[in-house]
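Chains as they are written, first to last, in full-length UniProt numbering: chain G, 1 to 202; chain A, 1 to 260.
Only true hints are included.
Now the in silico label distances, taken between C-beta atoms and shown as ranges: (1) G:R140 x A:S12: 35 to 45 Å; (2) G:D144 x A:Q212: 33 to 43 Å; (3) G:K97 x A:D184: 35 to 45 Å; (4) G:S33 x A:Q26: 55 to 65 Å; (5) G:L182 x A:D42: 31 to 41 Å; (6) A:A13 x G:P172: 40 to 50 Å; (7) G:A50 x A:I211: 16 to 26 Å; (8) A:N38 x G:E20: 50 to 60 Å; (9) G:R140 x A:K39: 35 to 45 Å; (10) G:T183 x A:E233: 16 to 26 Å.
Here are the computed lysine to any residue pairs in the SDA-like style, where the Cα-Cα straight-line distance is at most 20 Å: (11) A:K39 x G:R188; (12) A:K171 x A:Q142; (13) A:K37 x G:D187; (14) A:K37 x G:W156; (15) A:K214 x G:H47; (16) G:K97 x A:I258; (17) A:K39 x G:E154; (18) A:K214 x G:P15; (19) A:K245 x G:I198.
Hint data in this document are derived by calculation from the structure and do not stem from the laboratory.
Nothing here was measured: the structure is a model prediction, and the numbers come from that model.
Each residue gets a CB set at the ideal place from its N, CA and C atoms; glycine is no exception.
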Amino acid sequence: MTNNNGQKLQQAVTPNEAVEAIHELVDHPQRASDDVITALIEGLSHHHPAVPAAAVDGLVELGSASVNPLIAAFEASGDQAVQAHIIQALARIGDPKALSLLEDVIGTSVANHCQGNVRRVAARGLGRIGSLAKDTAIIRQAIDKLTWALLTPEDWALRYAAIASLQDIAQPEVMPPLQQALTQESDRVVQARLNRAIAQLV
Amino acid sequence: MTTASPPQPISSAETAIAALNGDDNQLRYYAAWWLGKNKVQDSWTVLCEALQDEAYRTQAGGYPLRRQAARALGELQNPQAVPALIAALDCPDLSLREAIIQALAAIGDRTAISPLLNLLNAEAEQPYEALIEALGTLEVWQARPQIDPFLTHPSERVQCAAARYLYLLTKEPQYIERIIKNLDHPNMYLRWAAMFDLGAIGHLAAAQAIIQAKVPNSLKLLNIKRMLEAILESDPDAESNQPDKCQFLMDTIDQLLIQL
Chain G
1 MTNNNGQKLQ
11 QAVTPNEAVE
21 AIHELVDHPQ
31 RASDDVITAL
41 IEGLSHHHPA
51 VPAAAVDGLV
61 ELGSASVNPL
71 IAAFEASGDQ
81 AVQAHIIQAL
91 ARIGDPKALS
101 LLEDVIGTSV
111 ANHCQGNVRR
121 VAARGLGRIG
131 SLAKDTAIIR
141 QAIDKLTWAL
151 LTPEDWALRY
161 AAIASLQDIA
171 QPEVMPPLQQ
181 ALTQESDRVV
191 QARLNRAIAQ
201 LV
Chain A
1 MTTASPPQPI
11 SSAETAIAAL
21 NGDDNQLRYY
31 AAWWLGKNKV
41 QDSWTVLCEA
51 LQDEAYRTQA
61 GGYPLRRQAA
71 RALGELQNPQ
81 AVPALIAALD
91 CPDLSLREAI
101 IQALAAIGDR
111 TAISPLLNLL
121 NAEAEQPYEA
131 LIEALGTLEV
141 WQARPQIDPF
151 LTHPSERVQC
161 AAARYLYLLT
171 KEPQYIERII
181 KNLDHPNMYL
191 RWAAMFDLGA
201 IGHLAAAQAI
211 IQAKVPNSLK
221 LLNIKRMLEA
231 ILESDPDAES
241 NQPDKCQFLM
251 DTIDQLLIQL
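Only chain G is shown next, with the shape it has when bound in the complex (with noise of 0.2 Å):
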């Protein structure tokens, strides 16, 4: 288990060694150097769904190094598949240098490039980034966006996925737009959540 920086894992015929090989690289960070950053970043292309799943898990174990690499593979690939699990690792790890790719991924009126279940994904990494942040301006800045993925789409999920992301961020800033959205929510769940929130918060 030696000199393993990726090949195991470019090598790797089924899809349990690719998992194995995915662990073994994650268990040791000291060794999340480029190479294997680059392998994980590979094994998100992968047939296999369990593949994909342990690379994620595997690139949020390494945390912030992984962030720039993600954000160029992102860039780079045009697999839908591909990029929503970038965003799903990139959301998990919370690091603000990932905040423009993630407003851009919930796009405005509609979805930019991504599909529904990717923008909620985006959505509570916001809330993620926003919580861990010190820096004033990007809490500001993952709050507006929350905000407006809150008051104006037609995607339930992604109005409830934004209430949960401003639960989380906990600024006094997010009550004025949480007790706006309770006058105008008419879905029940989402009024449901809402509800939760203010009362976590107040």
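Using the hints, position chain A against chain G.
Coordinates of chain A only, in the frame set by chain G:
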């Protein structure tokens, strides 16, 4: 008229009703769907007329427009449509009968109960999955003796419908376990059907089963949401009366939303 792409001039209740009364069958079908989707309440009379349509028939003898009209009436949930729906049950088109049964269940009017029981007692083959589901939804508990045998019906979907009915009636875990078993079924469509059965039941054991199921995340999300909706609808103060249940379901949705 060109055939390159389907025309979609329907943009209002008036144009949809006009199209439904027109002679382009594809457009009439689309109009019926549109009226249901947009819940145009004033259209219930024209949709009831479409339940007797003869102009649009498939080679196999099916009535696509009638089926779509029945589904649209299910969306409208207007009890005034119930007599026309019941009258249309006589048609030999089984897919139409299925759509009507589902519409009657959605409307929830109790005058539908006796015609549904007649179908259950009839000799001829029926759309049993929809029929048993409807009897469960309408809480027609006197049908239990006739429904018990469907637990061993050759169709697993019918078995699950019977298990759902019996669970709603008895709250006995053995029936919910029967549905949960299908969540691991190799046939994807059976797994999905089982999910929807559980989503309609609204029980925390069912929620756990959905969370563990080998089905796409989006379906889990939809069904957990349906459960929470069912709780909130049946008890407007559920958030204070059943806080643990609500919180568990919301925590589950929170978690599902960060997965793909």
